[in-house]
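Novice: So the chains spell out like this:
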Amino acid sequence: MKLRTCIGIAMMAIVAPVSAVAQTNPPSQTADIVINQADLRALQIAVVPFAGTHGADISNVVSGNLKRSGFFEPLSPSSFIETGLTLANAPNFPQWTQIGAQAVLYGGVTTRGDGRLDVGFRLYDPYRQCQLVSYQFTATQEQWRRIAHKISDVIYQRMTGESGFFDSRVIFVSEEGTQLNRINRLTIADQDGFNPTYLTQGDEVIMSPRFSLSQPDEITYVALGKDYSRIYLYNLTTGRRESLGEFDGQVLAPRFSNDGNKIAFSIIRGGNTDVYVMDLRSRQITRLTNDPGIDTSPSFSPDGSQIVFTSDRSGSARLYVMRSDGSGQRPISRGGGLYTAPSWSPTGNLIAFTKQGGGQFSTGVMNADGSGERILSSSYFEEGPNWAPNGRYVMFARQTRGGDTRLWTVDLSGRVVSQAGYNGRGTDPAWSPLLDRPPTNLGMNQGADACPS
Amino acid sequence: MKTSRILKLAMVGCAVAAMAACTRKPPVDTGVPGPDAGTIPSGPAYPTAPTGPVTGGNMGSAAPGTEQDFVVNVGDRIYFDLDSYEVRPEAMPRLDAQAQWLQRYPSVTIRIEGNADERGTREYNLALGARRAESVRTYLINRGIPAGRIDTISFGKERPIAEGSSEDSFARNRNAHTAIVSGAPR
Numbered sequence: 001m002k003l004r005t006c007i008g009i010a011m012m013a014i015v016a017p018v019s020a021v022a023q024t025n026p027p028s029q030t031a032d033i034v035i036n037q038a039d040l041r042a043l044q045i046a047v048v049p050f051a052g053t054h055g056a057d058i059s060n061v062v063s064g065n066l067k068r069s070g071f072f073e074p075l076s077p078s079s080f081i082e083t084g085l086t087l088a089n090a091p092n093f094p095q096w097t098q099i100g101a102q103a104v105l106y107g108g109v110t111t112r113g114d115g116r117l118d119v120g121f122r123l124y125d126p127y128r129q130c131q132l133v134s135y136q137f138t139a140t141q142e143q144w145r146r147i148a149h150k151i152s153d154v155i156y157q158r159m160t161g162e163s164g165f166f167d168s169r170v171i172f173v174s175e176e177g178t179q180l181n182r183i184n185r186l187t188i189a190d191q192d193g194f195n196p197t198y199l200t201q202g203d204e205v206i207m208s209p210r211f212s213l214s215q216p217d218e219i220t221y222v223a224l225g226k227d228y229s230r231i232y233l234y235n236l237t238t239g240r241r242e243s244l245g246e247f248d249g250q251v252l253a254p255r256f257s258n259d260g261n262k263i264a265f266s267i268i269r270g271g272n273t274d275v276y277v278m279d280l281r282s283r284q285i286t287r288l289t290n291d292p293g294i295d296t297s298p299s300f301s302p303d304g305s306q307i308v309f310t311s312d313r314s315g316s317a318r319l320y321v322m323r324s325d326g327s328g329q330r331p332i333s334r335g336g337g338l339y340t341a342p343s344w345s346p347t348g349n350l351i352a353f354t355k356q357g358g359g360q361f362s363t364g365v366m367n368a369d370g371s372g373e374r375i376l377s378s379s380y381f382e383e384g385p386n387w388a389p390n391g392r393y394v395m396f397a398r399q400t401r402g403g404d405t406r407l408w409t410v411d412l413s414g415r416v417v418s419q420a421g422y423n424g425r426g427t428d429p430a431w432s433p434l435l436d437r438p439p440t441n442l443g444m445n446q447g448a449d450a451c452p453s
Numbered sequence: 001m002k003t004s005r006i007l008k009l010a011m012v013g014c015a016v017a018a019m020a021a022c023t024r025k026p027p028v029d030t031g032v033p034g035p036d037a038g039t040i041p042s043g044p045a046y047p048t049a050p051t052g053p054v055t056g057g058n059m060g061s062a063a064p065g066t067e068q069d070f071v072v073n074v075g076d077r078i079y080f081d082l083d084s085y086e087v088r089p090e091a092m093p094r095l096d097a098q099a100q101w102l103q104r105y106p107s108v109t110i111r112i113e114g115n116a117d118e119r120g121t122r123e124y125n126l127a128l129g130a131r132r133a134e135s136v137r138t139y140l141i142n143r144g145i146p147a148g149r150i151d152t153i154s155f156g157k158e159r160p161i162a163e164g165s166s167e168d169s170f171a172r173n174r175n176a177h178t179a180i181v182s183g184a185p186r
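Which chain is which? The protein sequence lines are A and B, in order. FYI, in this note's numbering the residues of the first sequence are 1 to 453. FYI, in this note's numbering the residues of the second sequence are 1 to 186.
Treat each hint with caution, since some may be false.
Over 10 Å on every C-beta distance to chain B, these chain A residues come out as not near it, computed from the model [said to hold, decoys possible]: (1) D57; (2) R158; (3) K262; (4) T427; (5) P452.
Mimicking EDC-like on lysine to aspartate or glutamate, the simulated pairs with C-alpha atoms at most 16 Å apart in a straight line are [stated by the list, open to error]: (6) A:K262 / A:D279; (7) A:K67 / A:D411; (8) A:K262 / A:E218; (9) A:K226 / B:E86; (10) A:K262 / A:E204; (11) A:K226 / B:D151.
Source of the hints: derived by calculation from the structure; they are not laboratory data. Please read all numbers here as calculations on a predicted model, not as lab measurements. Ideal Cβ positions, reconstructed from N, Cα and C, are used throughout, including at glycine.
Sequences are here, hints too, so could you generate the full structure?
Specialist: What follows is the structure in structure tokens.
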């Protein structure tokens with residue numbers, strides 16, 4: 001009787017969605033940002049602490065986001081001459097150009113009767129003396145961080161001309177324990193590492209988590225137990241977790257197609273690993289590769305027409321591309337060394353990969369036809385690049401020799417290599433799409449003092 | 001009374017019951033009444049004055065047919081070269097011994113677990129580990145072990161047995177482990 005109760009509780013614990021917060025301490029503020037080339041000139045931006053509830057918090061988050069992007073160098077607020085800048089005024093331009101500010105961001109928070117926050121902000125160019133953008137977001141108080149991320153996206157988009165990526169999340173495998181007794185858990189956190197939440201208990205090895213890019217609350221991952229491997233589909237909103245099915249063989253490497261209708265993955269049978277695809281509506285499986293080599297780590301092109309994967313059919317691991325029905329398989333990687341873990345960019349033109357060679361591991365990108373290979377980052381060990389929603393950055397896992405594995409990001413130029421916001425131990429990061437659509441009516445080129453485009 | 005007591009003890013644990021039956025003695029009253037004195041003790045009861053000779057034996061002589069016998073006297077792990085899944089010649093005697101042992105105990109089923117070192121990406125290493133597990137499975141099948149008794153799984157680089165980032169620990173982590181699933185007592 002007692003025993004049965006025990007088992008009952010244990011099972012409930014396994015089934016119940018895990019909402020415990022993995023780590024509440026904020027990410028380190030001293031994370032190193034390595035800029036490899038001296039010619040990168042980050043934009044000097046003054047982020048003035050916003051007035052009102054959570055105002056200063058919001059400015060801090062915006063400032064941290066912009067700095068981590070590598071495109072911005074937020075000036076120290078202690079250098080600011082003008083204080084008390086409110087949304088009702090334009091900046092006193094000479095006081096900002098005097099400290100070298102190329103852009104000035106300021107704003108204010110007002111609380112509505114229902115408790116929601118209106119967060120308005122203006123971005124000015126003090127040299128040209130005109131307004132670059134202004135906007136107001138409204139949300140409940142608990143969502144002040146998301147507002148800060150959305151403001152960051154607006155600033156990033158206005159200044160770089162590319163869409164932002166801050167209002168997004170990262171799913172990854174957090175690690176604890178020793179090398180020989182490692183506990184790993186599926187974990188989700190905001191893009192900057194805040195609000196980390198465990199999604200599994202730590203009794204299985206978790207691998208290869210990925211978002212559905214058409215639905216940012218739908219994920220897939222592999223759970224590897226003592227005597228089983230399963231691909232799960234997991235809805236973060238409803239908590240519904242479903243096994244993709246029981247297969248004859250060991251499953252690994254699930255990836256959604258960008259429309260969310262299909263999953264490509266691998267099955268190992270008789271020691272041989274091949275790529276398959278499942279239609280998620282009909283549950284029909286099609287085998288796409290059929291050779292004695294290893295074929296795994298598939299990644300769909302954004303339009304779903306092609307799949308890149310790694311294969312050692314030629315004797316060493318190279319990247320191959322095929323049509324999504326398995327036809328037209330051809331190698332694309334051209335260099336020596338081993339190419340694994342390919343990831344097709346959301347923009348469609350690039351493929352990121354891990355390359356092993358010369359005693360180290362590198363993160364690189366190549367064009368979809370294999371030309372134009374560029375190495376962005378190299379170290380003792382790094383693996384598994386995954387794209388930011390705007391296709392400008394990849395996040396990957398880097399392990400120091402004999403040490404821990406942590407999440408890092410690098411931009412497409414390879415100049416901005418930095419540890420990701422989450423500063424705990426982790427591997428296998430995957431980036432969500434933007435949590436919702438960015439605003440379109442940004443009020444640019446409107447008003448008397450708008451900067452001419 | 002005595003009999004029912006022994007029966008109840010048997011329900012608590014065979015070991016205790018066996019001991020009680022052997023010695024034909026009721027559990028010794030220590031004179032200290034527990035919180036629930038008069039009821040059946042939930043833990044094993046030890047005699048305070050043991051009698052009889054104390055004998056010794058070789059530590060390595062695990063009971064034949066046990067999991068320990070397999071691990072200690074046969075060896076449950078073989079190692080592989082870098083980027084290789086071929087069974088090394090020096091690993092063959094151990095696999096031959098595994099096959100012989102499995103033939104002697106035909107109810108035993110096993111799971112071959114393939115492992116890789118940390119110098120590779122996670123998914124690719126899973127595929128590499130699977131090849132190592134399959135090499136061992138094929139070897140044992142060729143030595144007459146029915147395929148139905150052998151399961152395989154790859155853990156890739158997820159379950160290292162040697163710590164550190166030296167060539168030595170990498171070499172130890174490139175292995176195939178034969179785990180006993182059923183049919184042999186521990």
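Novice: Now tell me, hint by hint, if it's right for this structure.
Specialist: The hints, checked one at a time:
1. Every CB of chain B is more than 10 Å from the CB of A:D57 (nearest about 37 Å), matching its label as outside the interface.
2. Listed as a non-interface residue, A:R158 keeps its Cβ farther than 10 Å from every Cβ of chain B; the least gap is roughly 38 Å.
3. Distance check for A:K262 against chain B: the nearest CB is about 18 Å away, which clears 10 Å, and the non-interface claim stands.
4. Not every CB of chain B lies more than 10 Å from the CB of A:T427, the least distance being 7 Å, so the non-interface label is violated.
5. Every beta carbon of chain B lies more than 10 Å from that of A:P452, the smallest distance being close to 49 Å; the non-interface claim holds.
6. For a cut-off of 16 Å, the pair hint linking A:K262 to A:D279 stands: about 5 Å separates their Cα positions.
7. Between A:K67 and A:D411 the alpha-carbon distance is near 13 Å, which keeps this suggested pair within the 16 Å criterion.
8. Using a Cα cut-off of 16 Å, the hinted pair A:K262 and A:E218 holds, with the two alpha carbons roughly 13 Å apart.
9. The hinted pair formed by A:K226 and B:E86 fails the criterion: a straight-line CA distance of about 24 Å is larger than 16 Å.
10. Among the hinted pairs, A:K262 with A:E204 is inconsistent with the structure: their alpha-carbon atoms are about 25 Å apart, more than 16 Å.
11. Under the criterion of a C-alpha separation no larger than 16 Å, the hint pairing A:K226 with B:D151 is consistent with the structure, at around 12 Å.
Figure legend: structure checked against the earlier numbered hints; hints not met, in rising order: 4, 9, 10.
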